[in-house]
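Quick note, the sequences are listed as chains A and B, same order. Numbering-wise, the first sequence is residues 1 to 234 according to my numbering. Numbering-wise, the second sequence is residues 1001 to 1255 according to my numbering.
Hints are computed from structural coordinates only; laboratory data are not their basis. Treat the hints with care, since some could be wrong.
[Stated by the list, open to error] Cβ-to-Cβ under 7 angstroms is the rule here; a few derived chain A residues that face chain B:
#	residue
1	70
2	71
3	74
4	80
5	82
6	86
7	89
8	91
9	99
The beta carbon of each residue, even a glycine, is placed where N, CA and C say it ideally should be.
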Amino acid sequence: MLNVRDINVFYGDMQALRGISLEVKKGEVVSVIGSNGAGKSTLLRAISGILRARNGTISFNDRNITNAHSAGIVAAGISHVPEGRQVFPNMTVKENLEMGAQFPHMKKAATATIEEVYSFFPRLKERLGQNAGTLSGGEQQMLAMGRGLMSLPQLMMLDEPSLGLAPLLVSTIFEIIEKINQLGTSILLIEQNVFQSLKISHRGYVLENGTIALSGTGEALLENPHIRKTYLGL
Amino acid sequence: MGMDSTLAVQLLIQGVLLGGVYGLIAIGLSLIFGVMGIINFAHGQMMVMGMYISYWIFVLLGIDPYISLVAVAAAIFILGWLIQYTVVNRILDYPEAMQVLPLVSIGLILENAALMLWGPDHRSPQTALGLDSMWVGPIMVDTSRLIAFVLAIIITFLIFIFLKKSNLGKCIRAASDNRTGAVLVGIDVDRIYNMSFAIGAATTGAAGCLLVPLLPISPHIGHDFTLTAFIVVILGGMGNLLGALVGGVILGVAE
Ligand SMILES: Nc1ncnc2c1ncn2[C@@H]1O[C@H](COP(=O)(O)OP(=O)(O)O)[C@@H](O)[C@H]1O
Ligand SMILES: [Mg+2]
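For reference, chain B alone in the conformation it holds in the complex:
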């Protein structure tokens, strides 16, 4: 293999690896859209909250983001549940144009909360594997990118299993497939909506943890990620979870 093609393959792999994480962010957005038909314009900001929590757990307790991931996902799950319960559930029947503003506002509130709590600085923690890289033949890959990708795939896979096999997952699919049908069999659709939004939030929170070693955190990167997730979801087809993963990889490579 020549120099150029080696470099190209390396960039391609870096892109695919990062794309897996984009895919995970987008899966959360896609799940929320698939179930409620609502676009979560605060999605990236929720992810940034996850990044900060993960960052502070690392700085204060020395726990690596990969380890704190479950706790962070749980925290963002609760944040998502509260947002759904207090705001989103009230605007579900509004026309689409009227749903944008409340969600954009939540994004702004989260962004400014981060700014107030932690200031505008870019923060890059030196995690254990932060700058490591490894050679696969002539190709060099960042270890933390590889781990992020693998974990993103594992989490995606777990979400699929959850939706396919668990009772709650099936109820989520039912409510997403046909709301009237779900109400008539006795599913508490409001509860399903709360859970779906919270799970979508937890997913993006987990993705935030995976990104902590990869890029500097600041309060303002949230909307870029909302946009990224939105593009990925459109690439993969609205509400199509597998498409979101593929879309993530495509965008990762394209960047």
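Looking at chain A on its own, in the form it has when it is part of the complex:
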């Protein structure tokens, strides 16, 4: 469904991604793991059209989206739940969710989707009239994910959803990611929480210094000596 072929991405003169190729098939959970500064967020920004790949191609459902605008990419069915949540702090929880449904077919489904989001995150329902800026970090993460669901994505990309959350909440977030996947949405998950993310992943990629150092099934990667040593400290 998502096919990234050999992309290079730069910030000015600084090359952040070098010849990255990666694939997400329909129904999969795919993790990209890697340490701070490896280029994980850059990869998602390139896919969602915030950054441009200088060369290489990105296609989605066999359509070339390499140079598409972010809005077109959302409309095509990819939603990006970004690093740092990026919610709208002075808008209510409900308004934040509504903003996630920008296109007609999303708007038509919005009432039903909001109910679905509340079923994943009952906490959001309790806070629906509250401004997003007053929420805790965990609640903002739930809101960002909920907002991402409002665009009825076929592929949801999550950038470090567990960052800075209490351990109990981390488990909840991973459970919900699995649930979202089981309901038919493919997932591209970026994490530093290597163990939990590989555990729920069908496949994974290891990103080091802007290149893919390693890839394989979630289980194989969990067994891999390099990963055990570098990322799991075993």
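With chain A held as given, fit chain B with the ligands onto it using these hints.
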């Protein structure tokens, strides 16, 4: 009530009434700043354009500024949209110091365009209600000031409703709250910027209409109003629309 206190109350009321219009001018500036982080140094000059259009509609067609207000706001909306589309959108990522010059230049261009088109004279049209006044108990108020104030409050209220309830208004708030978030949900942020600048411009154009019966028009009053709006916005808090209204009233009274 003694003479002095009556006079004081009267001045206070005059100040509050004019302050409502200052507030409206400043709301436009504040909206633009809130959404794009840019200070529109051509704001007063855009208002003066609105005053002239309103003035000529009155002189040539006999239509009162209060009636032509919607058409004038629409004209300044288009002017604002064009300025945003041609200039402001290109300088949004510049450092703040570099954004000043293009906008000051637009102000100068507008000012000189007014000078060329309509000359340097001060013009004061004799509108229907221009010099009327009414007594509220022992207090005298200018009718056109009162109308200007009421309309300014109504327009402010409409802008609030628009931002709070309409889809476009919500997208404007979203883009202002978090640009990355707005881009990622699929909002066309460039379009939102165009609309925000145009709406801010239309607001100051409308405020210009309200001022036509109250003070003589000349091409050179624009920068004073840019400054006024700037002070009001600072009094009320940058990007805070309600604060702009309160700031306007404070400045109106202080004057
Ligand atoms: N906006 C930016 N401008 C310049 N360099 C950036 C920017 N964002 C990230 N980088 C650099 O690109 C590299 C990859 O960053 P990033 O994708 O954020 O890594 P990760 O998400 O894996 O921590 C890092 O070296 C980082 O310093
Ligand atoms: Mg990152």
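Hints and how they fare:
The restraint placing residue 70 of chain A at the interface with chain B holds, with a minimum CB-CB distance near 5 angstroms, inside the 7 angstroms limit. For residue 71 of chain A, the interface hint holds, since its Cβ comes within 7 angstroms of a Cβ in chain B; the closest pair sits about 4 angstroms apart. A cut of 7 angstroms between beta carbons decides the hint on residue 74 of chain A: the least distance to chain B is about 3 angstroms, and the hint holds. Because the beta carbon of residue 80 of chain A sits about 5 angstroms from the nearest beta carbon in chain B, less than 7 angstroms, this interface hint is met.
Proximity of residue 82 of chain A to chain B holds as hinted, the smallest CB-CB distance being about 6 angstroms (cut-off 7 angstroms). Interface hint status for residue 86 of chain A: upheld, as the beta-carbon distance to the closest one in chain B is roughly 4 angstroms, under 7 angstroms. Against a cut-off of 7 angstroms between C-beta atoms, the interface hint on residue 89 of chain A holds, since the closest Cβ of chain B lies about 6 angstroms away. Annotation: residue 91 of chain A was flagged as interfacial toward chain B, and the flag holds, the nearest CB pair being 6 angstroms apart, inside 7 angstroms.
For the restraint placing residue 99 of chain A at the interface with chain B, the shortest Cβ-Cβ distance is roughly 5 angstroms, inside the 7 angstroms limit, so the hint holds.
Of the numbered hints listed earlier, not one is contradicted by the structure.
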